[in-house]
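Following the hints, put chain B in place on chain A, whose structure we already have.
Chains as they are written, first to last, in the numbering used here: chain A, 8 to 545; chain B, 3 to 169.
Hints are supplied without guarantee of correctness; some may be wrong.
With beta-carbon atoms standing in for the labels, derived distance ranges [said to hold, decoys possible]: (1) A:G396 with B:S65: 53 to 59 angstroms; (2) A:H322 with B:L104: 39 to 45 angstroms; (3) B:S65 with A:E18: 36 to 42 angstroms; (4) B:G69 with A:H322: 15 to 21 angstroms; (5) B:E128 with A:E18: 48 to 54 angstroms.
To be clear, the hints were calculated from the coordinates, so they are not data collected in a lab. A quick note: this is a predicted structure, and the numbers were derived from the prediction, not measured. Even glycine gets a Cβ: it sits at the ideal position worked out from N, Cα and C.
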Amino acid sequence: MRVDDMRQRAEERRRYLDGFAHHLLVCAGLGCQGNEEIVAALNRAVNERGLADRVLVRRTGCMGLCALGPLVRVEPNTIVYQGVRPGDADEIVTALGRKPVTRLLLSPDLPFFTRQHKRVLALCGRIDPDHFDDYLAAGGYTAVSTALTAMRPAGVIRLIDDSGLRGRGGAGYPTGLKWATVAKAAGARKYLICNADEGDPGAFMDRAILEGTPHAVLEGMIIAAYAVGANSGYIYVRAEYPLAVQRLQRAMREAEHNNLLGHAICGSGFDLKLEIRLGAGAFVCGEETALIASVEGGRGLPRPRPPYPAERGLHGCPTLINNVETYANIPLIVTRGADWFAAAGTERSRGTKVFALSGKVRHTGLIEVDMGTTLGEIVNDIGGGVPDGRALKAVQTGGPSGGCIPADRLDTPVTYEDLGAVGSIMGSGGMIVIDETTCMVDMVRYFMQFCMEESCGKCAPCRVGTVQIHRLLGKFCEHRATPADLESLETLCDLVRETSLCGLGQSAPNPVRSALRFFRQEFLDRMVQPADTPEHNS
Amino acid sequence: MPRSLPDHRTDDRRWNAVDRTMQRHDYRPEALIETLHTAQERYGFLDPQTLGRIADRLGVAPSKVLGVATFYNHFRLQPAGEHTLAVCTGTACHVKGNDRILAWAREQFGLSPGETTPDNRLSLVEVRCVGACALAPVIVTDGEIRGKKSFAESTAMIGEWLGDAGR
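Next comes chain B alone, as it looks inside the complex:
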């Protein structure tokens, strides 16, 4: 990972937001996770250049930045597809059969958790309990929580949500 990068993002509003987070913490190394949150929020994922710039600004070794970015499940190093289907794999959702949705998604879209379709239309992710266990089984379509559905209702709903183009 390069230590210094061309300043192609100096005027980028998204980078400014990232910089503001670091500034709020006086560019202290402990701001790393907060900064990664902002960067992912703005760019959608964490690319090597952004990680390098953050390492530089916070005076943290690039290896440590990558170490932190890969340690936590929340951070993504690859861009997500246009739409994201998250399947909750918490205990209540497991007991209520969410593994069937995962198997169905594999068959329907050829996706394992963490993958995106070649046309970049859909990403499939597993989430560790969104805390809506009373609504189990829960799936999250582009951030919207949907629960209390049977397997057939859920798959029909996903199809409707994506439209035929998602197939």
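One chain only, chain A, in its complex shape:
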């Protein structure tokens, strides 16, 4: 599609949408179960009242507040209804343009809404993810046309570099630098991969982005491919996310149909072919070299780096691998500029970050905040604090590769540096709130069991070390641990961290180390007491 055609289609869709007095947006994310019945009931209510030309019912991606779903948003008044059931449809439609349905109404002043800063998620919950023209009408794909028709690849890389964007998959590597390495690497054939293998238990940011704005991810990938000179690419998605896969497939078909994928994209000389590869349930495949092995059809075994995939990746060719959220940031930077991007966040951690907030917190759901926002603001203000009158104990970030930050450090800002300084990591964005009822030893044993089961077995430190650490933690859980066990535990953690082949093993001891640092007493309380004999344990 030529740029002019795209503009015209966007304009037509905007005019069409503007023709409706009211819009009923129904969250059709995974977290709002039963949304199909709600859409059907609302449509029925609209038709029965002969309002079909005045009221438009649309399905959208995740609106964020999964805890209070299913959610329905009424525009243009920005009224949000919570806990909607199909039986509420008549009342909601009758109330349009009048006093809202009080019993379902969510306060617009709720800090959950007012304290967020939505950029990547700005369209999530506002457009129909299955509707290509909806994305166009919201300004979608203008970044592709700008990049491909008015910028050189080197210019795109410079822009991303200037923005200071860092990888949102967890490690925080500067995106511009990665792109420049792939662009510079020798080789006629280059590949592009989107890592959508969101394996961290407790993380669902990428699922929500793929379900809510699949075109934004595609748009970011097209721009990235153009910048580094890749003509084919893969999106590696977990098989556990069927809805995300389905919406992505549809978005790809529409992008192909509209000349945004395939040959001579937007009338430029640039070609790009994208394919989906389904993961098959292996946490290690989130590691980039393991992911590549899996895309090549084999077992997901990592290999030593260097060489990095940027130089030798898929089929031995230079390969750019970025995460879903990283790609979703790209169109925004191209459209709004590097300075706009850098205006949010801190000096070294720029922009916003999407988090999946869950566990013992009132407002579980999907949020996006400026980097540098404190954990306290996220948990207490946006999340509404810990329910049931219980006390907060810790916030877990980074999943099985991260750590637990204790309640007295809630002033920690979420930046790559600050989370690292307290012994955790930014990770991909899973944030699990833990209250006083959770035992930290049990918690870290849970993570170690996960790493133990997910260890691919290639290197001994991870294969054997995780089993031994798990066994030692079991002794603590059963009050059978001795001082020697504590010492072994600490030594083993260092050993596995320093000698494992890939990130899975290197970071597997992180939760234990973090718990030993902040919750050491819980370990000491679970040791054999001096008066006990080894047989005398409970």
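Then chain B, alone, in the frame of chain A:
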């Protein structure tokens, strides 16, 4: 595992779907995982004969095919029961006590994760985070995600879902 098998599935529509996946990738070895996905989708699980045929068609050693099929959690080498109860063991579900559901299932049905009842009525599996953490604790009954339930509500719901015959 036999290298060549009788062509008893040549006319099988399910096998045709598997073959189409391989064809789409020009029978290149890298199509292995995609092909296993299709095969499991069509047959419900991966039996030795199917794995052997796939190895043959893609020119991949049978040992490698078995290696890949056993490496990934998603692939099943045994048939599943009529119904499948999946218990999410992601972090949020763990914190909200899903291990109690697993213990209950063990007591109620005599099942550990990965097992099927002798009458083939119910399979119990553990799933690694379905990404519905905000609904934790989550269980999945025959593919349907159900969350935000207390332990008592969940177990009652499972009983209702299976009906008395599941006991």
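Q.
Of the numbered hints stated earlier in the document, which are not met by this structure?
A. Number 3 only.
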